[in-house]
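K.L.:
Chains A and B, in that order, are what the protein sequence lines are.
The first sequence runs 1 to 404 under the working numbering.
The second sequence runs 1 to 404 under the working numbering.
Do not take every clue at face value.
It does not matter which identical chain is meant; a pair holds if it fits inside one copy or across any two.
[Said to hold, decoys possible] Dumping the calculated PhoX-like pairs for lysine-lysine here, alpha-carbon to alpha-carbon at most 25 Å:
| id | residue 1 | residue 2 |
| --- | --- | --- |
| 1 | K29 | K397 |
| 2 | K5 | K167 |
| 3 | K24 | K127 |
| 4 | K61 | K334 |
Since the hints were derived computationally from the structure, they do not count as laboratory data.
Protein chains: 2
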Amino acid sequence: MELIKGGVCAPKGFRANGVLCGIKANRTKPDVALIVSDVPCSAAAVYTTNLVKGAPLTVTKAHLANGTAQAVICNSGNANTCNANGIEIAQGMCDLVQTHLGIDANDVIVGSTGVIGQPLSLAPIEKGMAALTAGLSYTGSDQAAQAIMTTDTRAKELAVTFTAGGKTCHMGGIAKGSGMIHPNMATMLVFITTDAAISPQLLQKALSQDVASTFNMLSIDGDTSTNDMVTVLANGLAGNEEICQEGEDFSAFMQALNTVTVQLCRMIAGDGEGATKLLQCCVTGADTLENAKLCAKSVICSSLLKAAMFGADANWGRVLCAIGYSGAKVDTGKIGVAFRSAKGTVTVCEKGSGVPFSEENAKEILLEPEIDILVDLGSGDISATAWGCDLTYDYVKINGDYRT
Amino acid sequence: MELIKGGVCAPKGFRANGVLCGIKANRTKPDVALIVSDVPCSAAAVYTTNLVKGAPLTVTKAHLANGTAQAVICNSGNANTCNANGIEIAQGMCDLVQTHLGIDANDVIVGSTGVIGQPLSLAPIEKGMAALTAGLSYTGSDQAAQAIMTTDTRAKELAVTFTAGGKTCHMGGIAKGSGMIHPNMATMLVFITTDAAISPQLLQKALSQDVASTFNMLSIDGDTSTNDMVTVLANGLAGNEEICQEGEDFSAFMQALNTVTVQLCRMIAGDGEGATKLLQCCVTGADTLENAKLCAKSVICSSLLKAAMFGADANWGRVLCAIGYSGAKVDTGKIGVAFRSAKGTVTVCEKGSGVPFSEENAKEILLEPEIDILVDLGSGDISATAWGCDLTYDYVKINGDYRT
Numbered sequence: 001m002e003l004i005k006g007g008v009c010a011p012k013g014f015r016a017n018g019v020l021c022g023i024k025a026n027r028t029k030p031d032v033a034l035i036v037s038d039v040p041c042s043a044a045a046v047y048t049t050n051l052v053k054g055a056p057l058t059v060t061k062a063h064l065a066n067g068t069a070q071a072v073i074c075n076s077g078n079a080n081t082c083n084a085n086g087i088e089i090a091q092g093m094c095d096l097v098q099t100h101l102g103i104d105a106n107d108v109i110v111g112s113t114g115v116i117g118q119p120l121s122l123a124p125i126e127k128g129m130a131a132l133t134a135g136l137s138y139t140g141s142d143q144a145a146q147a148i149m150t151t152d153t154r155a156k157e158l159a160v161t162f163t164a165g166g167k168t169c170h171m172g173g174i175a176k177g178s179g180m181i182h183p184n185m186a187t188m189l190v191f192i193t194t195d196a197a198i199s200p201q202l203l204q205k206a207l208s209q210d211v212a213s214t215f216n217m218l219s220i221d222g223d224t225s226t227n228d229m230v231t232v233l234a235n236g237l238a239g240n241e242e243i244c245q246e247g248e249d250f251s252a253f254m255q256a257l258n259t260v261t262v263q264l265c266r267m268i269a270g271d272g273e274g275a276t277k278l279l280q281c282c283v284t285g286a287d288t289l290e291n292a293k294l295c296a297k298s299v300i301c302s303s304l305l306k307a308a309m310f311g312a313d314a315n316w317g318r319v320l321c322a323i324g325y326s327g328a329k330v331d332t333g334k335i336g337v338a339f340r341s342a343k344g345t346v347t348v349c350e351k352g353s354g355v356p357f358s359e360e361n362a363k364e365i366l367l368e369p370e371i372d373i374l375v376d377l378g379s380g381d382i383s384a385t386a387w388g389c390d391l392t393y394d395y396v397k398i399n400g401d402y403r404t
Numbered sequence: 001m002e003l004i005k006g007g008v009c010a011p012k013g014f015r016a017n018g019v020l021c022g023i024k025a026n027r028t029k030p031d032v033a034l035i036v037s038d039v040p041c042s043a044a045a046v047y048t049t050n051l052v053k054g055a056p057l058t059v060t061k062a063h064l065a066n067g068t069a070q071a072v073i074c075n076s077g078n079a080n081t082c083n084a085n086g087i088e089i090a091q092g093m094c095d096l097v098q099t100h101l102g103i104d105a106n107d108v109i110v111g112s113t114g115v116i117g118q119p120l121s122l123a124p125i126e127k128g129m130a131a132l133t134a135g136l137s138y139t140g141s142d143q144a145a146q147a148i149m150t151t152d153t154r155a156k157e158l159a160v161t162f163t164a165g166g167k168t169c170h171m172g173g174i175a176k177g178s179g180m181i182h183p184n185m186a187t188m189l190v191f192i193t194t195d196a197a198i199s200p201q202l203l204q205k206a207l208s209q210d211v212a213s214t215f216n217m218l219s220i221d222g223d224t225s226t227n228d229m230v231t232v233l234a235n236g237l238a239g240n241e242e243i244c245q246e247g248e249d250f251s252a253f254m255q256a257l258n259t260v261t262v263q264l265c266r267m268i269a270g271d272g273e274g275a276t277k278l279l280q281c282c283v284t285g286a287d288t289l290e291n292a293k294l295c296a297k298s299v300i301c302s303s304l305l306k307a308a309m310f311g312a313d314a315n316w317g318r319v320l321c322a323i324g325y326s327g328a329k330v331d332t333g334k335i336g337v338a339f340r341s342a343k344g345t346v347t348v349c350e351k352g353s354g355v356p357f358s359e360e361n362a363k364e365i366l367l368e369p370e371i372d373i374l375v376d377l378g379s380g381d382i383s384a385t386a387w388g389c390d391l392t393y394d395y396v397k398i399n400g401d402y403r404t
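With the rest of the complex left out, here is chain A (with noise of 0.2 Å):
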């Protein structure tokens, strides 16, 4: 496997683009995405788990149904949620697609990003139809990662090339993430794309399998959004036999997919909302999984610790705090906690207590980019691993007055 340019378009047969609709006021980057394949494709997808939904999520689960699927449409500066109209719009945009290309609406992925509860209104997306479909590329990733960004700093995008039935595959994927993450059973929006052959039912397997250890370990604010969704378009245009069960070549698809998860994982973390750093908790030492993830969460959800991370403050007291409120059975008298950047490791605590380090030193360590908190439960082998990023003033500054 190796790591290609190309986002969602390095895969054969995709087509991409990005542009200016004018949907919410004084955004200067595109702000409606299109991605097209050029033949149907197996289609898989997970949804938030949010009681409240955005409606473009019901109309892309009833598009899905049939396990197929040819286009993504999505606009950001409006979620469309919490709308008496909202599916009316989302149905909309599906047609709109229809109308241009002459996909059928109901092969249409669906999804909005942005405010939830004021009205979107259709028209600007109509105007701007012409100017989408025209300019759609077999190099127009970056346009349509562009265009799902709201408080993102960052487009977010790679892909991936792997072997299945000797055959080389393309996967890529786009992601929009920064403010409302904290997925529960499915994740933020995220849009891959592979010219691999696999049946809907594979597909939907290896999405969902990929998740639990992926989208569904990253937090940025611990609000689940209303909005979430990944979906996955398989073409087949890599031409090797389709893939109908588990295998090598699922193995190798599954490798590829979770090597996109994990990097768009570290994208989003570490582009997060006001984040200057991004950080990455591994548990080790744990007897079950469900305490291991439990445990890296907690962690990485705690706002406390988030602050002292923004500080580069080894204030480890409040990792063992989080892991002892996560939910996971541990004994706490085992437990030992490290800080690791590209500058060194510092232990900071063992078996449950303190022990003596270079105040000097940790700092440091934690004023690097990416951290890793490392925590060893010390009772078994099992480890899992989340995502997150610091709390900071401009996390404060930029949800203090979103919406104007």
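We have chain A; now place chain B onto it with these hints.
P.N.:
Here is chain B on its own, set in the frame of chain A:
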């Protein structure tokens, strides 16, 4: 029932004091508190459910096993948690009370609050004991309240009178709040005294029942502390017939207790770390108490909503979002939301969708220091209230480098 002055010394026969022992550098306020009853008391307590428990809680739990106690000693500046010799030090604090006042060490409640994982030395407390005991006074509540403050900006105390068995009784309390507050089945550091006579069993019942709707419905930052504890001492000096069963007197006692605890909740929430606003979420129209509580607490805990309240931004979509991921079983199409303060009330959502409102009016309402977030679930007649505060730059500042 009437609010009175005097804090924990308002009830007959309680003396208190607080002195500066120098547990942490640069402190100018007292840092060790002592509360003493003239006679032995019925005693009850609730403790944090965090698996990582401060050593003082373990010692206090043992001392309260027989339902009686006579004194409270508590230091700030160091939590005495995750220290190998923690139990020994906590017991040592109780022994100091026995040495200086002749009260059995087993009748002493001990608490500590401050940094986790730094060894606590008994020496400064030992040195300060002569002044601490010599200064005990029937008007000393404020000194004790000051001594347990950490990042609190205001000392928190109040008292009430009530009638039981035809006698005028008194109840008072002090609290330390501010950060690492997200009580779970127990609560933060609160010491309550009363001169009512009540059996240990009924006292524990009253406290356990009360915290379910008071301290357990309070959150500053979602971090359940390792050192949370609420204790009540009842010395019987009011002369009422001992309350040994439920009935009129027990109800009067419960009502007084609830008045004290709700007010302390509001004080703690309004003075949360970095807070500029007290937030109160009142959920009505629920079908079950569990659903009402889940919704109220989820709204109060949402970082995004807390930041919006800091910015006086009527971003009600975040209220809906928090209800949606709360775990409560609700019909999202029936939810109504309004914001209320001393400046009036503005309705922003009905039946799950937005309604037109004046942004100017909403801003004026949300600029007030006490905000009620009113949620009507439209599905029954059960209600619940939760308390919290806004998320501000100062929360990040305070917690970015708390240890130094």
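K.L.:
Each hint: holds or not?
P.N.:
Hint check results:
Proximity of K29 and K397 under a CA criterion of 25 Å is satisfied intra-copy only: 21 Å inside one chain copy versus 32 Å between copies. In the homo-oligomer, the alpha carbons of K5 and K167 lie at most 25 Å apart inside one protomer (19 Å), although the nearest pairing across protomers, at 81 Å, exceeds that limit. Taking identical chains as interchangeable, the C-alpha atoms of K24 and K127 lie at most 25 Å apart only when both belong to the same chain, with a minimum of 14 Å there against 65 Å between chains. Within a single copy, K61 and K334 get their C-alpha atoms only as close as 45 Å, which misses the 25 Å cut-off; across copies the closest is 23 Å, which meets it.
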